[in-house]
Each structure stands twice: as C-alpha cells, then as structure tokens.
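Let the hints inform the model, and build the full structure from the sequences given.
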Amino acid sequence: PPVRVVDMRQELRAGNRSLFSRALQGALSEALDAKQQAILFLNRRGTSTYVFCRDCGWVSSCPRCETSLTFHQAHERLMCHHCGYTRKSPTVCPSCGGQRVRHFGAGTQRIQAELEVAYPDVRTLRWDWDVTRTKGAHEIILSHFANHRADVLIGTQMIAKGLDLPLVTLVGVISADTGLNLPEYRASERTFQILTQVAGRAGRGLLGGRVILQTYQPEHFVIQAAAKHDYCAFYQQELRDRRQFGYPPFRRLARLIYRNVSAVEAESQAEQMEGSLRSRLSKLETSAEIIGPTPCFFRKERGEYRWQILIRAADPTNLIPEEMPEGWIVDIDPVTLL
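Note that the working numbering has the sequence shown beginning at 1017, numbered continuously upward.
Derived by calculation from the structure, the hints in this document are not laboratory data.
Just to be clear, a hint being listed does not mean it is correct.
The calculated label-pair distances, taken between Cβ atoms and stated as ranges, are [claimed, not checked]:
1) Val-1075 <-> Tyr-1135: 28 to 36 Å
2) Ser-1159 <-> Pro-1136: 21 to 29 Å
3) Cys-1248 <-> Glu-1092: 43 to 51 Å
4) Lys-1299 <-> Arg-1118: 55 to 63 Å
5) Pro-1136 <-> His-1098: 30 to 38 Å
6) His-1164 <-> Gly-1031: 30 to 38 Å
7) Asp-1071 <-> Lys-1051: 47 to 55 Å
8) Asp-1331 <-> Ile-1156: 44 to 52 Å
9) Ser-1159 <-> Arg-1116: 42 to 50 Å
10) Arg-1116 <-> Arg-1139: 32 to 40 Å
11) Gly-1319 <-> Thr-1352: 20 to 28 Å
The list that follows gives simulated cross-link-like pairs (lysine-lysine, DSS-like), each with its CA atoms no further than 27 Å apart [stated by the list, open to error]:
12) Lys-1051 <-> Lys-1177
13) Lys-1177 <-> Lys-1151
14) Lys-1177 <-> Lys-1244
Here a beta-carbon is modelled for each residue, glycine too, at the ideal position from N, C-alpha and C.
Below, the structure is given as structure tokens:
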C-alpha cells in the first residue's frame, strides 16, 4: 500500500500538539465515514511512559530495576515492564511534596483514550500484553475485530504480522521512531522489519489501503526505505554501516554479563574480567576488540546490578576462558545488546 511520511516537527510548528497528525486525523475520519477499519500501531504499552515532578525533577522509578515506571490508567498504577513491580501513582511528589506531578510520553492506553475523545462514536479494541494475559484473549480480540465489532484496533508489535483483514484500509504508525535510536546494532533492522510488517496490514482486500508513518526523523534511511518498500536500499545502507563499525556479519560478537546485588562488587568483578581478557589477548595471535566494561543499558534488573563486556572479533570464543567465574553469563552472537 502507498505510504505517507508525516514530519511531526511540522505538526508542532503548525500548533498541532495532538498524538495524531492532521493527515492521520483526516484519514481516520474518511475510513470511519466509509464504515471501514483502521489499525493504529505504537510499540509501547501503558498510558504514560514516565511520571515526573516539575518542581524538583523526581522521576518515578522501579526500586529493583531503576528504570522509569510506566503509568497504566486502567488500574491507576505505575508498573515496571521488566520485573512487574507496581505501586500506586502519586498525586504528591514523594521527594519534595510538590503538587506538580505530571505524566509524559504515550502508550497504547493513551492512544485509545485520546482516540475515543476525538471520535466519541468510535468502537475501539486494544491488543497488547496488558489485555492478553488471560487464556484465549488473543482469539477473542481478533474475532471481535474481524467481525467488525470494532472500528479501530490499537496495539503493539502483536498486530504487526499475520493479520489478513479486508476491511482494514488504514494503518497509522503513531511513532515510527520508537526503538530507532536505542544503543543496539540491530535497532535499524528491527525498526525496518516492524514498520514493513505493520504497513502490510493495510489494503489486503479489494478496498485497497494506505499507511501513515508519523516521525520526528523523516530523513532517516530506515524511514525512507520502509515508506518506499525498498528492501534493497535498506540492505545496502545497513551493510555499509555494519562494515564500517565492525558488526555482524563482518565480525562476530560475544557479550559477557555480570550480575550482583552489590553495585560495587558488580563493577569490580567486571574490571577484573576485563584485565584477564586483555592479558589473554596479549598472548594470543588474534585480532579482537574488547569494549568495556560498562553498565548494561538496563543497569539494574530484579534487584541485581548488571555490567557487560563486549568482544568483537572474527571468533570471540578464542578469548573467553573455558570456565568462567561464578556470576558471569556468556552470550555468543547475542541477538540484543540491551
């Protein structure tokens, strides 16, 4: 289906602070007036991605993972999407006692709420992890939408592939940038993959379809390639980047992760391992690059601090001891660096 890229920076300059661009609003109205269906995609659950105090800068975070808690309006609670920790959302800042506690960011719950305000008669369904934890929930949601008991389906990556719904003539990607700038060598690949998959949900019937990608980076090669369905252009640029920076398939990676309840011990053990690896490297006739140690992107998870070392080489296994000290996790050819 044809894809239109909307620059959300221009929307802001035009005074539109809605989650929905003017182009998406118009396309939604047309689809709903024609009794057709639409899919809105955002790969983030919840209502707000973090809660913040405007007086002192306090941010709600998980005590076990130190990541921002996501607000879920349905239960009026904050939740950690890594370990499941929950707590009631405060109305008064627990740090300074200020009254200006605000919610920022957007998730699928907020998309659903704002859509129902903008279109009071619209029938919506949400498809994400929060509403599919019970047995048979996936099948019920899909059946309701396939039987046109809802006009708009709002979801995360669950809706990106496998759906063949002839009445869906519009797919709106609320934020095509989500995940694009993560410190992860496969971020571009994964973003291109999910954008092309979700775009393929539109126009699978005789009615045809269209896709609207909302982004703050319309010039990014991933966004451009996805909009043009140009797999070759994406492949060529991605290979150039990976060759330049020594990422697979040109070199292999090994990720060594150490976890400990003590932040000091975690850092100390990671530094000792780095010294050991560099000593081994000096004795081997091999070309390898040792990166780190550094805290993991999610530096704390389920009460444990996490440090990592990356080895980049033709064969990183040559550098890794056969028996690693207790507490270490070795991941050869990791699929993620997060």
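To see whether the hints hold, each was checked on the structure:
| no. | hint | in the structure |
| --- | --- | --- |
| 1 | Val-1075 <-> Tyr-1135: 28 to 36 Å | holds, 33 Å |
| 2 | Ser-1159 <-> Pro-1136: 21 to 29 Å | holds, 25 Å |
| 3 | Cys-1248 <-> Glu-1092: 43 to 51 Å | holds, 49 Å |
| 4 | Lys-1299 <-> Arg-1118: 55 to 63 Å | holds, 56 Å |
| 5 | Pro-1136 <-> His-1098: 30 to 38 Å | holds, 36 Å |
| 6 | His-1164 <-> Gly-1031: 30 to 38 Å | holds, 35 Å |
| 7 | Asp-1071 <-> Lys-1051: 47 to 55 Å | holds, 49 Å |
| 8 | Asp-1331 <-> Ile-1156: 44 to 52 Å | holds, 49 Å |
| 9 | Ser-1159 <-> Arg-1116: 42 to 50 Å | holds, 44 Å |
| 10 | Arg-1116 <-> Arg-1139: 32 to 40 Å | holds, 36 Å |
| 11 | Gly-1319 <-> Thr-1352: 20 to 28 Å | holds, 21 Å |
| 12 | Lys-1051 <-> Lys-1177 | holds, 23 Å |
| 13 | Lys-1177 <-> Lys-1151 | holds, 20 Å |
| 14 | Lys-1177 <-> Lys-1244 | holds, 19 Å |
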